[in-house]
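Asks: One-letter residues, chain by chain:
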Amino acid sequence: MSLRDQYSNELSKLMAFGPGGAFVADAPKAQPPPVNGLPVGGVSEAVAWFLEGLRDNLTVRILFLVGAPGNGKSFWSREVAKRAVGVGLIDGSQDRRDIQMRKHQFLDTNNQCQFELVNDATMPSISGDSTPTINDLATAIQNDRPMLVNINRGVFYEELVGFKSDLAEPDQILAATIMESLRSGKNPELSPALGRLTIRDSETNPHEPLRALRIDRIDRKSILVLAVQMDLHSILAACSKYKPDVGFFGTPVSDSAAPGYRLLQPFSAEFRDRQYWRQTPAGLMFDLEIQRLAIGATTELSDLNPIRSNLELLTQTEFYCGALASLRNAEIVSSRHFAFRHMWTATFYLILGDLRQLQGASAREVLEAVDARASRLMSEEDPIQRLWEMVDLAQLRSHQALYGANWSHSLAENPIRQKQLDSVGILGSVRDVMKMADPVIDNYKLVQIADQPVEWGQGVRNAFLNALTDTDASSIVESAFRACHGHESELRLVSPFDRELDRCVLAVLRADQGESPLLSRDVRDALIAWYGDYVTRMIALSIGATAWSREIDEFVRTWRHATNNEELPDKMFEKLLSYVLPCFEDAVSGNQRRLVTLLRSRTEPIRVLEGEQMLAYELPRQLLIRARVRGDRLVAELFDANQRHQSAVTAGLFSVEIDARIIRELNVHAHSSDSCSDVSDSIRPLVERYRALSTTKLQQWRLVTRNGVETI
Amino acid sequence: MTSKPQTHLLVPPFTSLYNSPIPELWLAALLRRPIIGDTPIYDLRPLVYEMVGVVKDVKIKGEPRATRQTRADGGQNGLPMQAWCDEVRSQFVQRGIEVPQPEAFAAAIADELLTRTETSTPRRPVKAAIPVTPITAVMQNQNGVLGAANENDYGDAVERIYAIGRHLSGDPRDDGAGRRLQDALVARMAVDSRMRAVDAAQIAALSSALGVAVTDVQYDQSVGQVHFNDSTASRSFAPLDHDQLLVVEELGRSGGSTCFVWFYESWKKLTDPTWSRVVPHRRWIDWLVAVTRLAIGSAYLFREQWVIRASRLVLDNSVNELEIGARLASECATQPLIQWVDRSQNSLAQRDVYPELRSVIRTGESLRQLFRDEPFNSALGSEITVERLQHVVRQDQKLSEELLKTCTSPKLDLRNGAAKTVYYTVRDALVDRTGTEAMTSRSSEDFYALMHTHKNITFIDPSSEVVALLATLACYEPNGTTSLGDVRRQFQKVGLQPSQTEVRFLLERAGLCRAEADASLGVTVSSALRVETLL
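Chains as they are written, first to last, in the numbering used here: chain S, 662 to 1373; chain H, 972 to 1506.
Be a bit skeptical, because a hint or two may be false.
To be verified - Derived DSS-like pairs: lysine-lysine, alpha-carbon spacing no greater than 30 Å straight-line: (1) S:Lys825 / H:Lys1240; (2) H:Lys1376 / H:Lys1240; (3) S:Lys1096 / H:Lys1426.
Stated by the list, open to error - What follows is a list of derived Cβ distance ranges for each label pair: (4) S:Pro831 / H:Thr1245: 49 to 59 Å; (5) S:Glu841 / H:Gln1468: 42 to 52 Å; (6) S:Asn1226 / H:Thr1245: 33 to 43 Å; (7) H:Leu1293 / S:Asp790: 28 to 38 Å; (8) S:Asp1186 / H:Lys1382: 51 to 61 Å; (9) H:Gln1468 / S:Asp790: 17 to 27 Å.
For the record, the hints were derived by calculation from the structure and aren't laboratory data. Virtual Cβ for every residue (Gly too), placed ideally from N, Cα, C.
All chains, full assembly: derive it from the sequences and hints.
Replies: Written out as structure tokens, the structure is:
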């Protein structure tokens, strides 16, 4: 096999993880991925706990791996299957030819089933019943048999909705109760005849991804249930360990202390440290994959091949860390977590770029097609043809592909091609998330990187425009890099492909200033805009900058504060209150009154003009906010301070989920000019609705006039 | 020998067709005509009102209609501000409540009682009073607000929708939607002396300042209850007759849930003290209006879809006489009233529902007219059932051709006749009432519209408060939680079938749920009234 064939084979493994690839869905019998990341918090310990339980004669252990597709549940199923086979068990389904199966049974040498593994609870059962997981669980309980279930939250819901308790057997009721308890986190009522159910209070450590419960039954083995929430923590955050709290299950407590889950600020020193990212599940996987594929890139791919540029730059710490930081920022902006499956897709985009044009092609065909086009560039003499070819190939560059930046500006030039591109497929979920964090959205000027102010956003744009108009400037991209980083050494981050693209763009634009324009005015403007975005995204990726970086930074600081103190930072508290419940200054007393309109559908802040009057009610002066975190979520609950000891229903006014969007809304409202951006007006005023719903205990009305506030 | 099942060809829940773009008037009309069961016990004589205040002015035979402005603004025909102010002060003082600036306070009340949502009508933009108290509700009517010649009984339509929903739910007869509303409103008033004072002031100010006796409404100040006299009952709510019940029975047997059931369940929830006392007062009224809007709009569409689907089944030779009724009921209970095209993969033009609305209403009304006219009228006789239609159409090729022709090329146009009235009713109920263009920077003040318009495109895009309302109604308790699946079921009951992605988008936009990648229909959704508890 030639070197090129070998390289194609290696690349094909990555392509198999791309959108629609053969390896996208994992299974115990499927091929392992080319590289592994770190286990997400708690899962390896939980799996060890489950495997230990196979030898336990006093209890039945049931393990749920809960999470969205692609979070690694089936990966761990394969690990369990491998270890079970290692101790002499036989996969009872080994004769079956299909890889994707709902359930596997592991048998001992006497053909007795020792445990069951439900790999995909979303698949229908062979019998076609509507609650297959409940039934599988009931059978395991009936036979005192351990069980591992890979499940997502939707299955919990659908099966519990479809479950008819009046027609069910006692073990089915017990199984449904277990699932309901895991779903809600509450201790449901259980008939004493079925046993006594205890669920561990999950408030002790809100970041712990393990949820445990036990059922003690009369004259039968106790059932120990452990559920791992595979997606509670970001796979782009440093991995924490969580041991199952075996003390809860009645055996001595082992070392369960675990480092806390942390959020980091954008541009923090750790984000620029390769070692930090290697401690994250996604970072390690990405690093290994880059290393695996970068080895052959230099020898096998031509200089102007954008895929080679991608690989070479991603081996540089700046781009490697910047790409991962951008993904993490996008998670916070979108309030979503990437699964490993998404991470493979992102890796695919970062290395192979946007290959929608070549969808369905093999790795070898892709390599040859891209390389052939890159080689042809060398001999292309027509500057316009050369430019468009470069622009087309530029879609394969990491920063363009990751944010789904297509050549929309050339729509007028080449509408047919654009139509073809659009018809190929819908943007995937990774793209949807990344588009929200596209660095060209914001125009912040300065950011602090390692305590140094870095010209970013508008600074890059300015450098770009200066270089464009300065006839002495030899390179636009270098000027922009210099403006951002401030020193020449970072010019090593400009790849040969980008230098060539820069030359092509500059040549056409400069030639265009003459009497015989090469491009029409519209196309020229579109090209400048496109290239400006291109350079901005490239530099953003090198420093890990995305849109919304101010809001992300503020969110992380707020989240950290809430984690430590269960309250919001003072500044945020003030901003939230002044927005949600703005004060009205009583002209007579000069006091600030917290008023809400009495009989209006929406509750605009109280403002009255001369000669006007309105009715309002007044909220308590003393309000408290309790901030609570779980994973990346942060919820602020507003309370009447005088009723703080009462329940949330009686003392609570309302609660607001704090995220980057809300923070932007608050900042825009607070007229903080540096927080305003060109997308601010697209933020819908969610907070305003909360204000309208504050169900105060109505006591007295207030008459509000320009002259003051009167109590009625 | 058992009789053959019969299914009525038409869904006639409404005695006649009405058109009013002011949903507050529907609620006011409903409040004026409480009933017990399906039998009227009392009603008010038609009152001619405009804006806020209370006025009694009955059209006397042979004399021109007199319309009084009842808004306290000092107008020549309206309620003098001074009289209003005096009564407000008097009523509040009687209850031991000091009023520091009576003029400003009285003006504030008069101002607050007027809705801020301006409704676009063909003649002029109008505002109605928000029926926040029983008296405010009965102070206005269609004649006064719109200047219309005839008073339409919207309450009748709402009561019928409620009665059908109740019947389908298998619940025993109750006092009707109007009575439930009145009881709930009075219960709220009982614990709010200030609102009671406002009510009493309205009655007294009108009686004294305008010199008319308010005889239809008595106000028991000691217990804060409003009594409506039954001596002037003049309008009847015809009970659901046998034919109508044939429709209802089939729907009930098919087990499907319809907009009728949705309205009945929602109304029961919102007027239950457990719910009505937790929702802020103004929001509670808005929610009642919104529920009524959705019910009216969807019930009219249901009415048209019923006759269209019945006709298509009649023309389908593979459907036999014994199963046609059940097939029809099943289709109507499970198929959407109108297609909801997902926003994520479609352009605005692809989401345009106007062509479908137009087609459904034109075809439905054309078919109804066809059955009223000859030769169908004679052929059907008094037996206006789907089975009878199927029988006569299969006997007579000419009738079959005529029916097919009407199905495929409806005669009626939206510009005239019943089709026009139905279209405007559906539009007024479901589309942004302010007429604000969805894509303009100016945001609409109609927070309860199901559809919006942009140029000549009408598309489904529920305002955030509609989503908040449906999500809250999907909860078992007012401040509870529910799931995305249950919220989607609420939409389905109304007769809409949005995709899971669409519902999730709407809920996220309204701030009611948080993305959970794997939860599918199990995504946890908070009630709009919920104080979040995270763990």
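Asks: CA of lysine 1096 of chain S to CA of lysine 1426 of chain H, is that 30 Å or under?
Replies: holds (29 Å)
Asks: Is 49 to 59 Å respected by the C-beta to C-beta distance linking proline 831 of chain S and threonine 1245 of chain H?
Replies: violated (34 Å)
Asks: May I ask you to test the hint 33 to 43 Å on the CB atoms belonging to asparagine 1226 of chain S and threonine 1245 of chain H?
Replies: Cβ of asparagine 1226 of chain S to Cβ of threonine 1245 of chain H: about 36 Å, so the range 33 to 43 Å holds.
Asks: Holds or violated: 17 to 27 Å for the Cβ distance of glutamine 1468 of chain H and aspartate 790 of chain S?
Replies: holds (26 Å)
Asks: Check the hint pairing lysine 1376 of chain H with lysine 1240 of chain H against an upper bound of 30 Å on the C-alpha distance.
Replies: violated (44 Å)
Asks: Look at the Cβ atoms of aspartate 1186 of chain S and lysine 1382 of chain H and judge whether their distance stays inside 51 to 61 Å.
Replies: Cβ of aspartate 1186 of chain S to Cβ of lysine 1382 of chain H: about 54 Å, so the range 51 to 61 Å holds.
Asks: Could you say whether the range 42 to 52 Å given as a hint is met by the Cβ separation of glutamate 841 of chain S and glutamine 1468 of chain H?
Replies: violated (28 Å)
Asks: Holds or violated: are the alpha carbons of lysine 825 of chain S and lysine 1240 of chain H at most 30 Å from each other?
Replies: holds (25 Å)
Asks: So the hint says 28 to 38 Å: do the beta-carbon atoms of leucine 1293 of chain H and aspartate 790 of chain S match that?
Replies: Roughly 32 Å apart at Cβ, these two residues keep to the hinted range, so it holds.
In this structure, the earlier hints numbered 2, 4 and 5 are contradicted, and the remaining ones agree with it.
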